[in-house]
Each structure stands twice: as structure tokens, then as C-alpha cells.
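For the protein sequence lines, the chains are H and S, in the order given. Going by our numbering, the first residue of the first sequence is number 17, and it counts up by one from there. Going by our numbering, the first residue of the second sequence is number 17, and it counts up by one from there.
Keep in mind that the hints were calculated from the coordinates and are not lab data. Careful: at least some of the hints might be erroneous.
No distinction is drawn between identical chains; accordingly, a pair holds when it is met within one copy or between any pair of copies.
To be verified - Think about it this way: if two alpha-carbon atoms lie no more than 25 Å apart in a straight line, the pair counts; the simulated DSS-like pairs of lysine-lysine are:
1. Lys52 x Lys22
2. Lys292 x Lys211
3. Lys424 x Lys292
4. Lys299 x Lys345
5. Lys136 x Lys87
6. Lys424 x Lys38
7. Lys371 x Lys260
8. Lys85 x Lys252
9. Lys424 x Lys87
10. Lys424 x Lys327
11. Lys136 x Lys22
12. Lys345 x Lys142
13. Lys211 x Lys85
14. Lys52 x Lys429
15. Lys429 x Lys85
16. Lys429 x Lys292
17. Lys38 x Lys429
18. Lys131 x Lys103
Keep in mind it's a predicted model, so treat the numbers as computed, not measured.
Below are the chains, spelled out letter by letter.
2 protein chains.
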Amino acid sequence: MEGVRKRILVLGGGFGGLAFVKAFDCPGVEITLIDKENHHLFQPLLYQVATAGLAAPDIAEPLRTLFSKRKEVQVLMDEVRDIDLEKSLVRTPHQSLSYDYLVIALGGRTNYFGKDDWEKHASGLKTLADAHRIRNEVLGAFEMAENLAEDNAERRRLMSAVVIGGGPTGVEMAGALAELTHRYFRRDFRRINPKQARVILVDVADRVLPMYSESLSASAKRQLEGLGVQVMTGKKVEDIQARKVVLEDFEIEAENIIWTAGVSANPVVEKLDTPKAKGGRLKVEPDCSLPGYANVFAIGDIAALEDAKGKQVPGVAPAAIQMAKHAAKLIQAEITRGRSQGEAAERESFVYRDKGQMATIGRSRAVASAMGREFSGFVAWFAWLAIHLVTLVGMRNRLSVFMKWIYKYVQNKPGARIIWRAAPGRVEVERTSDRLVL
Amino acid sequence: MEGVRKRILVLGGGFGGLAFVKAFDCPGVEITLIDKENHHLFQPLLYQVATAGLAAPDIAEPLRTLFSKRKEVQVLMDEVRDIDLEKSLVRTPHQSLSYDYLVIALGGRTNYFGKDDWEKHASGLKTLADAHRIRNEVLGAFEMAENLAEDNAERRRLMSAVVIGGGPTGVEMAGALAELTHRYFRRDFRRINPKQARVILVDVADRVLPMYSESLSASAKRQLEGLGVQVMTGKKVEDIQARKVVLEDFEIEAENIIWTAGVSANPVVEKLDTPKAKGGRLKVEPDCSLPGYANVFAIGDIAALEDAKGKQVPGVAPAAIQMAKHAAKLIQAEITRGRSQGEAAERESFVYRDKGQMATIGRSRAVASAMGREFSGFVAWFAWLAIHLVTLVGMRNRLSVFMKWIYKYVQNKPGARIIWRAAPGRVEVERTSDRLVL
């Protein structure tokens, strides 16, 4: 390779960013991967951290370690503050980085649809901090109920949880909460009866998992109800207050309120002067590049695209991975052929291959659709376990999760049922501007 | 059993409290175990959580689950605020509990010897929150050094850690930090060289591990130095400031400062009007009961006792467990014989059986003394691993830790190398007084 080395900047180490770096196999090119965390997070299992099944490190893998053997890959834990498309520069508090190609894979965050004050009453489920807070609060509520068992109203509220949002995350969270409280808590309390715990799933749509067929939605609802979840569909959330969810016709008092009803694009891209879709996502050309910036790609949850077949590409991990591989192939071809940067119109369009979808509900309970067929119950559940185990990043994580699942299945004891309050970081006075405040 | 059931209150679910409940096998007696956490913490492995080897749930086991099958045992997660020896009452924010026998096993906390402002600059290592903070800060410092690699002074400070205290915890922490940075970080950075990381162990005594023989102390020092730790003995810490340790003759600039130099009794017992020893510990009679209160026992780190052979009982887990079993035997004998509460003078005295001691330093590096012999290096290390694995509470924890140790040994990758900031609890306004603020 002659002349100056090409430089690719990848923003975000989620499914998209990780898959891009893995797929990009062209040693003469410098790749820099920036993430504000030091790890890739396997979000599909985050609800199991929140419901005390897994520990945080089980579903996270340090980005540095993943690429330690690829000398051309540099990992930086830093926060993207500004993307300057005109000057081809990305700025962080610590550095300015130029690029020949930019891959924006910054994902999304919990969206309360403009009701930002709901956030303090209803936790999202997008980060390890979210999962840890939910775990502490759910476990803590039952400990408190045992202490205050005499007060009927208080006990009932402490033993109630509301999950808002009937998509896969909401369904998985509600099922896991019901199983945790009804099944795993069964023998552990003396003053309260965990069987009386309430888990309520609320959605404005008329069925859960609306992206699935009606029959699978109905099956998911039956399976949830079999675990003791109250499914309330067609209910709009009017307000969320401290320990209270207000619906149109009544209110639910609940100690724990979890919000899984909305996701919007990472706000870092708000300032970009390119077309946006719903939720602030970046509209991209059929090749996944930004309109007018053929050397800038947006992939994964932050991108909005109808693919060449007219299908809206969904915000799921397989789509992010496929987009990443597509972008890697295009960029690699242009660089290795020594061509200057291509034009979006000349490039191959991205086509999303939908391999099916699945959601787990509890032990031997799940729904799945794949290869034109539908599955529910044990078969779907077993397939879910196998696929998540195989796709989990990091061999040690796979071993650890496998062992904990078997143990939980056999012993009926979730593996991380501990409450612990993290200490705040040290008091920072003089240097907050130039260091990471932990 | 006739009449009113006897009630035993156990304060604290550490090694002492846990061993007492396990040893007390007398079904007609009600036992209530109170701890401000919901779990037993296996403190000997806490330094491995702090140095990214293990996850928090690996070394913690929910107290409820441990005793779920013993219907006479009630576990409460609540905070002991007041012990009223005259009225035989223990008060918490949520309840007042009376007792026939009381077992105080509340342990200790980090002691800065009156320099409380040092706490914000130098983390202790007694809780999961401590370990989590140290892990975040050590990993974060190297990420920051990679970002600021151009600034030599800053990089040097970020890559420096000082451990204060040359006892077992300090030695284990310093060794593990050196191994983490020099060995496990080896291939992962591009701008900094982790081999330049400094770990400095400071103690005012003239040798590390002063409770061991001089030859074992010397061996420990050699093994630490072999890992790259700078051992500074005979150095008094004059002051600790933000990122700076001030010794008599010079200062050390270091991003991470860890304090393992002092432990004092849980401050809940400060108000008790009974004799105290150094560090606020409760002086006990030869049978482990409080002077003047034959129905109240103090065991473990919170108790101060010269045993019947004139030996000061050390603040280690085996001593706490032995005291617990002694107290359980005495109380059980009095209750089952139907006798009224005994007198301290009539009871069997506690005798501490020292089975040896050991400290690990790193891979294949450790020191141990047992059965009148001394060991160091691989043999001591292997024995350390085996004993800690066997005594770790919870079968799933044993499996998980075993797997992670093997993986770390073979793959050179510590298992929990992730930085994550815990979110603060929800904003509490109206109910802080009557609920656990998480």
C-alpha cells in the first residue's frame, strides 16, 4: 500500500460497530473505534441482569481485549461530542480525529416521547446502570415489604411492578419479573407471600408483540398470563408519577415502573444537517451512506432505511450486523482497488435478510418465527437459549451464562440476587473538564 | 418445648453471623438474622472484584436463600440503629425486636485513624461498592492515559497506584494490581505501555505481613517485587490529598490510592455502655459474652478477646466462625436443658485454634504457614486457591469462580474488565424516612 494510510473512524461499539471492525479485513488501513464505554454490551440479555439472573460482566466484553491482536485497530474510550462532516473531523473532550471514512453506529437511547420528567419515576432498560437500578429496586421492594408487612396498602404497592411497552423487551422483562417473584422468591419470605406479587404489562397497542403475527401475539399473551402477568393492552399511559401509573380510566400504584415503550437516536447526531426520520434517526441512501456524504455511513439503530425491496429495516441486532458487513464490503472494495471514494449511486444497495424473530417469556415459554414457520413454548424457548448463547460475545461469557442458566433451571435459584449500592465516584473538584468522571 | 419460644437475634450476616445460624440446630427456637445488606459477602475475594477478576455476584450469596429451608429462621434486611441492653431490644427504622439471646456480629469498617477527609481520596476495601469504585477508577485511569498519552506527567500519574497498608489485604491488592496492569493489559493499548505502570505498597511497619515470620515476610516482599510492585516499608503516611500521598520525605502522585491500613468496629456499638478495646471493639468475657450481659454475645471482628491461653484472637474469618460455633453451643445447651440463662463464669471459655494463615500475591505466588511449617510460591498459592474455593459460600459461586480462575490462568484475561457507572437511585422526596433508599 502506497502513500498515506487510509483512516476509518467507527463511532460506537454496539452490534453494528463491532461487526464492522470484525468484518473489515484490510491490514493496511487504520481503524479507530470510539465508545463512551470500555465494553460491548449484549443488550438482548440485559433484562436478565435486571431480574437478578446474570451479573453485569456476564454480558459485557471489553472492546480492547476483542481487538488486542489486530494491531491496526485502536480502541478509545471517549465520548463523541461533535461530528463535523464538512471538515471530516470527530471531536471528543480529549482529541480531534480526522477520517477518510466514518461509520456512525451510535445506537439509541430510551425515549419518553417528550415527557422527560417520567424518567425519574420509570427506569428505562438500555444500559448496565438501568439494569442494576431495576435489580436493586425490585429486590429492595420485597425486602421492604417483609419489613412493613403489617401495612396492607404499602405491602401491595411494594409488591407491584408495571412494565410499559409490549415489544420484545417489555414482554421478556414482564415474564422474567413474574418468574422471579412468583417462582424464585417462593420459599424465602416469612411475613409476605410472594405469590401475591403483581406484574402488569401495559401497552397502547391492542396486542403485545405487534410486529409478530396475531396468533403468536395471542400465544405470547397466554404464556405471560400463565406466569401470572396481567396483560393490559389498548391502554394509553396518561401520566407517570412517583410509584403511580395513570391510565385513561384508572391508576396503578406500583413501587417499580419500567419503561420499554420508546427508543430514539443517540442525541449526538441531532446537530447534523442531514435528513432525519422518526426518533431523530439518520435517513440513509440505499447503500447506508449519508445523503451527500458518500464516505460517511450510518448503521444500526441510528439509521433509518427502507431497503431495496421497500421494507423498513428494523432496529434489531441482526439488521445492524448486516448493515455493518455491507458497509465494510463497500469501503474495503474501494480502498483495495485504489479507487478514490465512491459515489452512493454507483454502489450496491443494502438488502435486509429477515432470518426471523423471537422473544422469550420464561422457563419453557417463548415465541418465534423463522423460515416461514411459527413456534411457541418449549421449542421456541430452547432455540432462543441456543441462539443467544452462541451469539453472545466472549467465550468466557458464554461459559458463565451457560452454567448460570443450567443452575437456575435445576436449582430454581437466580444467580445474581444481590442488592448493592454503588458508591459515587470520588469528589472531583479541579479536573472535571479533562477527565472521565466515573 | 413448652411455654413461649425462645428468640435469638443475630446482628450481621458476615462470617460470624452466618456460622452462628448454621451451627444453631434447635428447631423450637426462633432465630432472626438482620443485616443491612441482603447478602453474605465473601470478603477474602473482594480484592479480585476490585481488580476485575470476578463479578460482584460471584462472591455474594443472598442470606434469604441460604436459610429458605429453615422455617424457624427469619432474615430481615434492615439497619440496626440502636441496641438497648437493659430492655433487651434492638431498634431499626422499621421495627423493634426483642430477644432472649443476642449475638452481635456486626464486623468492622475502614478506619482512617481520625483523618476522615482522607476517605474521599483513598478508597477502602470492605464493601462491594468499594471494590466496584476501585475497579472503575483503575480501568478508567488507563483508558484516560491512552487518551492523554502525549502529556508525560499526566500519563505517569494516571498509570500509578498506591496501596497503603502491608497486611494481607494490601499485599493481595498490590499484587493483583501489578498483575492486572503489567500482565493482562500487555497487548491492549496502542499509545501507552502498560509495563510502565507503577504499583507502590506503603506501610509504616518495617516489613509487610508483620503477623507472619520474618522469613515469610521477606519472601512476600521478594514475590511482590518480582511482579513489579515497589515495596516501601518503614514509611509513615503524613497526608493524603487528591491523587497524592505525602510521606515524610517525599510525595507520590498517583491517580489511584487504596487504603487498607486500618479497621475499626461497626460504629453502631459506640453507644453501648460496656468496655471497649482499640478501634471501638467490644471487650468480651472468656465465653464471648458482654460483661454484665450473659445473654449477649459479641463475635468476630467486633469483639476483643484474649483467649484462655492468653492469645489475642485475630480479626480473621476462622476466628469469627469459631467464636460463632462456641456461642451457638453454649446457648443451645442452656435452652435445651431448660435452664434459665447461664452465668458467664460458669461457661466454657473460648479457645482459638489457629489453623494457619495465608496470603496470595499473584499467579503461583503466595505465602502460607500451617501445621508448624511455612510455604511460599506455587504450593502456597495452590493451597490458597483450593481453600478459598471450598470455603466460598454458595455452590454456584464456587462453580463460577472456579471457571473464571481457570479461564484467567489459561487465557490471561481477567473476567470482569468492564467499567460501568451505577445510576443513582430514583429521586426520593416524600418517603426517605420509611424506606430503604437504594
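Okay, the hints, checked on the actual structure:
| no. | hint | in the structure |
| --- | --- | --- |
| 1 | Lys52 x Lys22 | within (24 Å within a copy, 57 Å between copies) |
| 2 | Lys292 x Lys211 | neither (47 Å within a copy, 47 Å between copies) |
| 3 | Lys424 x Lys292 | neither (44 Å within a copy, 46 Å between copies) |
| 4 | Lys299 x Lys345 | within (20 Å within a copy, 73 Å between copies) |
| 5 | Lys136 x Lys87 | neither (43 Å within a copy, 38 Å between copies) |
| 6 | Lys424 x Lys38 | between (33 Å within a copy, 24 Å between copies) |
| 7 | Lys371 x Lys260 | neither (39 Å within a copy, 56 Å between copies) |
| 8 | Lys85 x Lys252 | neither (51 Å within a copy, 43 Å between copies) |
| 9 | Lys424 x Lys87 | between (40 Å within a copy, 22 Å between copies) |
| 10 | Lys424 x Lys327 | neither (39 Å within a copy, 45 Å between copies) |
| 11 | Lys136 x Lys22 | neither (45 Å within a copy, 45 Å between copies) |
| 12 | Lys345 x Lys142 | neither (29 Å within a copy, 51 Å between copies) |
| 13 | Lys211 x Lys85 | between (51 Å within a copy, 17 Å between copies) |
| 14 | Lys52 x Lys429 | between (34 Å within a copy, 22 Å between copies) |
| 15 | Lys429 x Lys85 | between (38 Å within a copy, 13 Å between copies) |
| 16 | Lys429 x Lys292 | neither (46 Å within a copy, 42 Å between copies) |
| 17 | Lys38 x Lys429 | between (36 Å within a copy, 20 Å between copies) |
| 18 | Lys131 x Lys103 | neither (36 Å within a copy, 52 Å between copies) |
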